[in-house]
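Take each chain as given, in its own frame, and dock them per the hints.
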Amino acid sequence: MKMRRLRTPAATVLASLACFIVAAGRLSAAPGAQVVEIKGEIIDTWCYLSGVMGGPDAVVGSAHHTCALWCAAGGIPVGVKAEDGTVYMVLKVKGEDPLAQTDTIMELQSDSIVAKGQHYVRDGVNYLVVADVISNEGITNRNHEDFGVVPGFAIPEKK
Amino acid sequence: MTIKHILQLAAVASSVAVFAHGGVAEDFSNGSNASTFGLSGEQKATFSGKVVDILCELSGDCPENCGDGKRNLGIVRDADNALVMVSKNAQFEFNGGTDDLLPYCNKAVDVDGLLIGEDPGVKAKVYMLQLIRHKGETEWSKAERWGEAWKKRNPGADGEGPWYRRDRRVTKQIDKEGYLGLGLEIDKKWIAENQ
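Chains as they are written, first to last, in the working numbering: chain A, 1 to 159; chain B, 1 to 195.
Okay, chain B solo, but in the shape it has when bound (with noise of 0.2 Å):
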């Protein structure tokens, strides 16, 4: 690579930069209902966008159906082309959106929900989806359909507990390396001092 090179690269680099932190955060919490639980930098957002692929958005490859529900999904915002990654959904047991962003594939949506997240520069946090809709509609969908789609998509893992004692894949790693990750050896040493 040569001087000319890196030089090029780098006003490259800039370009993006400045269009990536150029943005100013807009208010979208006008007319929320959102719950809020004092997570860092949460801001009420209530706002249209169209439901999208986030890495067909960016790249251009686009699987059938979003991804069929393998992929991280988001909203490209009304208000000012944003692209919001939807990183969780509105229950309390670690699950995260694409099960209830994924019926409405490329379809224009109203969210409410909350924008996480403590930079004040970046024009789209990530975002906890609680209540969607199709455009324009008058009901609400609470954002709760990942408990039964695990259940569909873990058949025969039903037994006592919540779903993350249970889940297959989970308790695959945590049978070989324990609950820190380090090795059944220490875990077991460790859980003998601490617990």
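Only chain A is shown next, with the shape it has when bound in the complex (with noise of 0.2 Å):
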């Protein structure tokens, strides 16, 4: 079974230079974070770390897209799963308070990002301010060809 990260520490150190070498610059660090760039998925931290609804691989993208939907509107926290496995729990997008009651969240849900922000890491948990989302490609992870929906009952039966 594939491991859920919040980190690894190589990967950490890694990916941390590799954001400090790819940061545009324009976005000053804030005391105790760096400016970063992550290019992942959003996802629904709470599925994909407690594997409630199953395996890693089907709790995102297309397959998990009304179940991650329904848990932002839920006030679970949302997080960008970078390219190399690690979650970042997102702390505000564009400005945005995470559980302010409008759209931003939910129209990003499960899509293929890329993200500039600050990054902070605290006690082995790591988190992301967005700035800005620089790209968007929509969710390109159309995994409900392998997994159908997760949860099952995510599409209503017809009555």
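These are calculated hints, taken from the structure and not from any lab test.
Check each hint, because a few of them may be wrong.
So, partial list: chain B residues that the calculated Cβ filter (under 8 Å) puts toward chain A [to be verified]:
{"hint": "1", "residue": "46"}
{"hint": "2", "residue": "50"}
{"hint": "3", "residue": "102"}
{"hint": "4", "residue": "170"}
{"hint": "5", "residue": "184"}
Taking lysine-lysine and the BS3-like style, the derived pairs with C-alpha atoms no more than 27 Å apart in a straight line are [claimed, not checked]:
{"hint": "6", "chain 1": "A", "residue 1": "158", "chain 2": "B", "residue 2": "188"}
{"hint": "7", "chain 1": "B", "residue 1": "135", "chain 2": "A", "residue 2": "94"}
{"hint": "8", "chain 1": "B", "residue 1": "176", "chain 2": "A", "residue 2": "94"}
Predicted, not measured: the structure shown is a model, and the values here were computed from it.
Cβ atoms here follow ideal geometry from the backbone N, Cα and C, with glycine treated the same way.
Now the structure itself:
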């Protein structure tokens, strides 16, 4: 079973170095933070980390999109799963708090993006304040073709 | 950026990584009455700490009343000063923990619940909050405030079925891009072939 990661030591250092190097520089680092660009998928962190709905490959992408919307609307932290597997907990998006009752996070859910922002690490958990989404390819992980929808009741049955 | 700058930044990154990963996760299960669910890396955990706005704790960006329900909240644990992110409350319909923590903003609390996550070296796994009380009180409150809070945030959303079938922000996205998020035509075709 693929390991769900909040971080790994080597990955964090390498990702941090890579991010330093690619940082465009216009965004100044806040105290205690580093400016980074993260390429990854917006995910529902609870289902991904807890395994409550199944394995990590099934609780992302199009298969899990509806549940990811439910969890975001329910106030469960949204994250960015980077290409190296590191999960960044999103604390703000484009100046909006994550639980503001707006559509910003909802519209990004399950999308493959490149986000630029401030990266904090504390007690092994990675946090990200997204200043800007500099590219968005939409949902590229079409894993419903492999897993169907997760959970199975995501699409209501016809009456 | 010069080589010197890159090396300096590398040194900072290394020191952050050592600090972040040097801690050994303690066992907080003694005295816990949390319900278990067999989740990944699940550990019962009861501990005392202070409820905080996570972004405030990390950055000093501190709105009144811990963001008044708009931010992710956590608990700075007394025993080891670890910042524990609360991801979930005790309800079973995709509910986060902020509504249950907000009345305790910047207050000392006792909590009971589950630490979740598979990385053994992570000092602060994410937390499923099940019970909470002011520190030292005898009576616990179940972490189940989300449902009532959602009703207050969504006047007029009464109806049959669970909240997630009626939530305005959820239905708006599904109406626009479908259950798979790939567009209504792809949805329609997949549903016809599979359901």
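Against chain A, is residue 184/B within 8 Å by beta-carbon distance?
-> 13 Å, violated
For the hint on residue 170/B, does the least C-beta distance to chain A fall short of 8 Å?
-> Since the shortest Cβ distance to chain A is 5 Å, the answer is holds.
Does residue 94/A lie within 27 Å of residue 176/B when you go C-alpha to C-alpha?
-> Answer holds: residue 176/B to residue 94/A is near 22 Å, not above 27 Å.
Interface hint status, residue 50/B versus chain A (Cβ within 8 Å) | Residue 50/B check fails; min Cβ-Cβ to chain A is 15 Å, beyond 8 Å.
Can the restraint linking residue 135/B and residue 94/A be considered satisfied, given a maximum Cα separation of 27 Å?
-> At roughly 36 Å apart (the allowed maximum being 27 Å), residue 94/A and residue 135/B break the hint.
Under the criterion that the straight-line Cα-Cα distance not exceed 27 Å, is the pair residue 158/A, residue 188/B satisfied?
-> Answer holds: residue 158/A to residue 188/B is near 13 Å, not above 27 Å.
Was the hint right that residue 46/B lines chain A, CB cutoff 8 Å?
-> Because about 18 Å separates residue 46/B from the closest Cβ in chain A, which is outside the 8 Å limit, the hint is violated.
Is the hint on residue 102/B kept, meaning its closest Cβ partner in chain A is under 8 Å away?
-> 10 Å, violated
Consistency note: the structure conflicts with the earlier hints numbered 1, 2, 3, 5 and 7.
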